[in-house]
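Between the sequences and the hints, there should be enough to build the whole structure, so can you do that?
As a plain string of letters, each chain reads:
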Amino acid sequence: MGSYFTGFMQESSRSRGGGTLDTFPKLLMRHAQERGARPAIREKDLGIWQTWTWRQFADEVRALAAALSAEGFRRGEHLALIGDNRPRIYAGICAAQCLGGIPVPLYQDAVAGEMVFPIQSAEIAYALAEDQEQVDKLLEILPQCPSLRRIYYDDARGLRHYDQPQLMSCEKLLELGRGSATRNPGFVDEEIAKGRGSDTAAMFFTSGTTGVPKGVVLTHHALIDRSQVVAEMEKLGQDDVVLAFMPPAWIGQNIFSYAQPMVTGYCICCPESGETVVNDMREIAPTYYFAPPRVFEALLTQVSVRMEDAGALKRWLYKHFMGVAKRVGTRILEGRRINFLDRIKYGVGDLVVYGPLRNVLGMSKVRIAYTGGEAIGPDLFSFYRSLGINLKQLYGSTETSVFVCVQPDGQAKSDTVGPAVPGVELKFTPERELLIRSPGLFKEYYKNPDATREAKDAEGWFRTGDAGYVDHDGHLRIIDRAKDVGKLADGTLFAPKYLENKLKFFPYIKEAVVFGAGRDRVCAFVNIDMDAVSNWAEKRNLAYSGYTDLAQHDAVYALVGDCIAQANADLAREPELAGSQIHRFLILHKELDADDGELTRTRKVRRRFLAEKYGTLVDGLYSNQETVHVEAQVRYEDGRTGVYSADLKIRDAKSFTPAAAKSAA
Amino acid sequence: MQLAFFIEVLAGGLLAGVMYALVALGFVLIYKASGVFNFAQGAMVFFAALTYVSLAERGWNLWLALVVTLVVMIVLGVATERIVLRPLVNQPQITLFMATIGLTFVLEGLSQLIWGSQPHGLELGIPDVPMEWLSQKWNINISQFDLFAAFVAGVLVAVLGVFFQKTRIGRALRAVADDHQAALAVGIPLQHIWAIVWAVAGFVALVAGLMWGVRNGVQFALTFVALKALPVLLIGGFESIPGAILGGLIIGATEKLAEVYVGPMVGGGIESWFAYVVALLFLLVRPEGLFGEKHIDRV
Amino acid sequence: MLYREAGQFKSSYAEDQQIFPIRQDRIGIALLLVVAFAVVPLVGNQYWLGALITPFLIFALAALGLNILTGYAGQLSLGTAAFMAVGAFMAYNFVLRMPWLGVIPSFILAGLCAAAVGIVFGLPSLRIKGFYLAVATLACQFFVLWALQKFGWFTNYSSSGVVTAQRIEIFGYAFVTPAQKYLLTLVIVAVMALAAKNLMRSETGRAFMAVRDMDVAASVIGIPMMKTKLLAFAISSFYCGVAGALHAFCYLGTVEPEAYSLDLSFRILFMVIIGGAGSILGSFLGAAFITLFPIFLNLASGWLHVVTGIEISHATLSNLELIIFGGLIIFFLIVEPAGLARLWQITKEKLRLWPFPH
Amino acid sequence: MEEVLLEVRGVSLAFGGVRALTEVSFDVRSHEVRAIIGPNGAGKSSLLNVLNGVYHPQQGTIRFGAREFRDMDPHRAAALGIARTFQNIALFKGMTVLDNIMTGRNLKMRCNFLQQALWLGPARREELRHRRAAEEIIDFLEIQHIRRTPVGRLPYGLQKRVELGRALAAEPRLLLLDEPMAGMNLEEKRDMCRFVLDVNDQFGTAIVLIEHDMGVVMDISDRVVVLDYGRKIADDVPDQIKKSQAVIDAYLGVAH
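Chains as they are written, first to last, in my numbering: chain A, 134 to 798; chain B, 101 to 399; chain C, 22 to 379; chain D, 82 to 337.
Hints are computed from structural coordinates only; laboratory data are not their basis.
Values in this document were obtained by computation on a predicted structure and should not be read as measured data.
Some hints here could point you the wrong way.
Label pairs and their in silico Cβ distance ranges [to be verified]:
#	chain 1	residue 1	chain 2	residue 2	range
1	C	E332	B	R271	28 to 36 Å
2	D	P236	A	E323	53 to 61 Å
3	C	F58	A	G444	33 to 41 Å
4	C	W174	B	V362	17 to 25 Å
5	B	V362	C	E332	50 to 58 Å
6	B	V255	C	Q366	51 to 59 Å
7	C	L53	B	G135	35 to 43 Å
Below 25 Å or equal to it, Euclidean Cα-Cα: the simulated DSS-like pairs (lysine-lysine) are [as the list claims (entries may be wrong)]:
#	chain 1	residue 1	chain 2	residue 2
8	A	K327	A	K576
9	C	K371	D	K174
10	D	K174	C	K248
11	A	K498	C	K371
12	A	K746	A	K782
13	C	K150	B	K132
14	A	K447	C	K171
15	A	K452	A	K498
16	D	K323	C	K248
17	C	K369	C	K31
18	A	K447	C	K369
19	C	K371	A	K452
20	A	K498	C	K369
21	A	K459	A	K368
22	A	K620	A	K746
23	C	K369	D	K174
24	A	K498	C	K31
25	C	K218	D	K189
26	A	K478	C	K371
27	A	K447	A	K459
28	C	K369	A	K452
29	D	K174	C	K150
30	D	K174	C	K218
Among the chain C residues that face chain B by a calculated CB cut under 7 Å, a handful are [stated by the list, open to error]:
#	residue
31	R148
32	Y153
33	F163
34	I294
35	G348
36	L354
Where a beta carbon is used, it is the ideal one built from N, C-alpha and C, also for glycine.
Spelled out as structure tokens, the structure:
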């Protein structure tokens, strides 16, 4: 703990130092002096964790900056960065900032088309791409983006025969930079000194559940201030370690793998590749961890599936001690008193199950784990906490530099997102929409004054678009998107996201889409979770030829039906929501897919889009027929596409009157 | 005189060689059919001889004893296949070889546990004395028994030859030797074939055991005759019956000659290793052995 | 379960290539060494040290030697005892005839003699493979014993052919008590085991295994057959030779050629099989098993006597030992051809993934 | 026109009476991808085996670079910079992927066994240096996730890839691939093609490959040799080969 504390002291003293360290480049240079020999970034490459110290990182940034300016990159210009978590990408971000430029990280898994808008709207001339894959995309859209003049690539593999004039390798770029740095050494530092906290630090394009993406403009001050406050609250310091495995273009990754390390000087680690993340996580054992609920969910599913195959003894141990953990684990984590016997039991459990489990998950050293972005299931949430992992929720968005609410230690709850962090003010409109005022708020939506005005009023209140309320112990509770909170025909409240989440909390249900606004009752589309259900099916040796086939099994329908019935039982217990129980459902013939525009890149369902695309199915749900015919393009595992045509079954779900719910529960 | 003596030595060597060949046959049979280098062959010889002698000494009718021993050996062969080989099917040859070393220990222990470890003399009614007329006419001493043994060996080989050429099982065995798939085609399950081979090997062991028993008495040392047979295999090849015979003769002859003419120079006792050296030198010249043909590595 | 590896990451190849990359293993081995060097000599009594642990170490070394040849380089040898004999008698002669040399150098020279013999009898491996080679190595076994008995020089013309190993003195410090001899053996064995490990994890070891797994491919990627095979024989025999020297000087004291009979060769071979071919650890496990097994059997018969009053004669017992022994070999080959080492490996994997099954 | 790296003149090979190759002559230019095709038993593999000295032809000469040989022997071939993969994978089953690839670099390692046994500085440094080289190959072939797996446990496709890796480890000037894509599914074939081309492109390695999949051959090879019954019946660029009557006959099995 001591070291965390000292780390924290340095941070706070620095922040009081105020003006001097108001931009990321300045912070970086400070780290290079204070802890130059400590690791800034580790990357698993060529079989080992190649380490960049803060000094090396700073030098790289300097060289890149010098090179960029030699290439004609000027203050206020934008630099697009497309790639996975790689030291070069982060170095590029900082290099741009050194010159007062604006880094614009783009999603590396986006298709070329999705990159056109950002590049056009910001007239981006410079891009740093990770490898051939990204370069190809950029070259593909070159015709639509005449502004794009230079494309730098990190990994030269397969690119040697590309002769486009725009291309240049990072090696070459760095040479250039080192050259010009020697010619006029002080240059970059002068440029850094010119930077001000009020300058724009970065621009993040929100994938946006609807319409065109918006470029969210964030200042150095906003990002640094929020990172700072939470760092102090959680006592983050140079000894913390973070594994960067989400897209760096997502602020939810960027804040933890760029902004906060820059503030606190902790080390971030980049996995070797997609397949090796789990293993790399285990090797690195981060102390500070952030992931959206679906990641935790996937992990849990994996755990349960693998435990299914374990021997009888292990299965028994697991079952038994997870039971113990469920009972007392959370209380122990929160340091509340429990009886001696349970403490012993938990101790044993920690030796044979929890400890090993944390170890194989790579969470042995996790001090603080956050989840956010979506609601998380109570079981899921308590599973990790009962293992002794300090999992907490936070609330925020790109516009707010993430940190709006964070659950303090010992006050974690699955259905709230915690109280506002220092500096943040909350208030609600009559329609229950949440408004926020915070130093972390964004400056504007890039070249979109209308949207900006719409989102942020004169006194600087930001309309989150989320509906919710603050509960009795001061924790914010989000029900749904404000615009989605609708009413059924009879006027009862209808909060689709809330319902969908309730369903998604069941391991067998991967995605759910509910309809009901302006209708007489609520109905739902369901996506089953292939892993969980196929496993379940195997145990009942159900034969099936793939997702589409499995989904239409009567047994599976029954399974999902039960889940929905349970959800209804819960709903019946919440007065204002009892009316919005789910009456009919069908299981979709395909998994919802971001590539088909059915989900956002952050895997939020596009309800309106779906309502149109599957109009016939929705009608089917509200008719009283037992099946509905569907014909659709489906993409098979091997990449082929074909036309799928079949009758989807529709089933009624058991619903409860508020009274009956009590007995059902 | 010198010549006569030479002939005597040579003949003696050749006849001894036949005795070696007798043991070598056991190895070859099993290797041919199951690709197993059965190190336990020596132990089997010992076991067979000891069983027979002990029965005989307990006043059994000699023929009855013989038959019973044969049955025991067959049972042993079948049991070996069941307990040792079947579980190890498809294991590398080396593993099977190790297993047979284990088997050697078991047999040695077992036989002495049952019959005790004191040596026995064995008498088949053919005196181990020089044939008068030969010694009188040319003063060449060749033991009657050696000739008898040679005769028996000849008969055995003939029998085996017939067995292999004429009988269905025999043909199956040859098929197995060539490749196991083919064997399945013959319609006899591999296990049976192996069991049979081991039984036959047991029979051969018995014969060898009797011959050697008469020669050196039935005692633990009998297990070492196996070691005598190995150089024969090096020369003759693990898979060739004629090779075994011819190899036996070569080894027998050279060994005796060396023993008589070279031995004295180095203080004698060279028979323990001379055969091996001969075999090695031979192999260095012709690695594929007497009858084996050169094979090309397919890559 | 015991293995908590989270957070043990490697930021250099040196770390990644170390013999025990996992911290828990390093701790374990450290404890083991402490026990072996500090605790055992203190608590071990004459009998345990002299009749069990020291021979165990010596046989482990011999098994290690054979393992290098058979387990790693894939060349089956039945002549191990002969190499030990060479080591034993040459060590005796070096100490006898060049006292100024000192014991350790004598041991090393003895090992080198064994290596030379190994190379000579390894020559056939260039032309012949598998069983032919195995049989050929018997030639070595018999020839060496014959030579040792025939030529008086080796036994310093002692009428009985029995020689008595000289007392060991290193830099004026005498090793006489079992504990002292144990420590000497332990040091030598530890050092040589480490050397073997280093060898097997570097180019030479890979060349050996390549020859073992697929000799054509090995030669195609440029591994010289002759050099590699002969080197394997040489190194293996060197280890066996030193083991033989220790066997004579630190264990038996008085030795005769017969002590290194074919039976001993087999015992060593069994250690390799039961312990696990191609594993350093296996050599030790195998040696432990086979040295302790007869003791256990004796104890068992003792209990049997106590419990049931059945007296088992010595002859019977030795025969039973043979049978059970052979049976065990077969049993092991059937249930776990890769030996005890593999069993340990499997257990370890399970512990590392606990509570997951795989 | 690049210079000729390997030239085979009038090579004939027979096993006992059986003629495997008759008077075969052809050349390989540095940096080119050269395919050898022909019906089964046409002597393709035999030719490769002659090139890297596994078989010794009765007649003919082999010129590699500046030097001319009556025949090769495997070690010399390797030393000259000829590496190969085998038709039916010949990996070292008991060793890990990493060790297999490291073994491929044996000719580049200089330390003797004593230095290795004592783990002296030079030996240690050499080991680590080559580990890095091996890792670069692992990275190149995208097999990081199986680095420590014994190759015996890998699926066929991956084993083929590892074998390519082992050959690459020797940094060869000439790479002989004996049916590198045999028994692979479409995706694996696509990957393998990519790797072969990348090798040729990245390291400028000349490549001789035997392949049955005509599509692949025509796609990736610069020139093609066609063998039939041990004789060369055609030697030209893919487009010409497609047209060649002799080749068509050979494949349709017209009587000779």
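> So which hints don't hold here, by number, going up?
Replying inline: Those not satisfied are hints 1, 14, 16 and 21.
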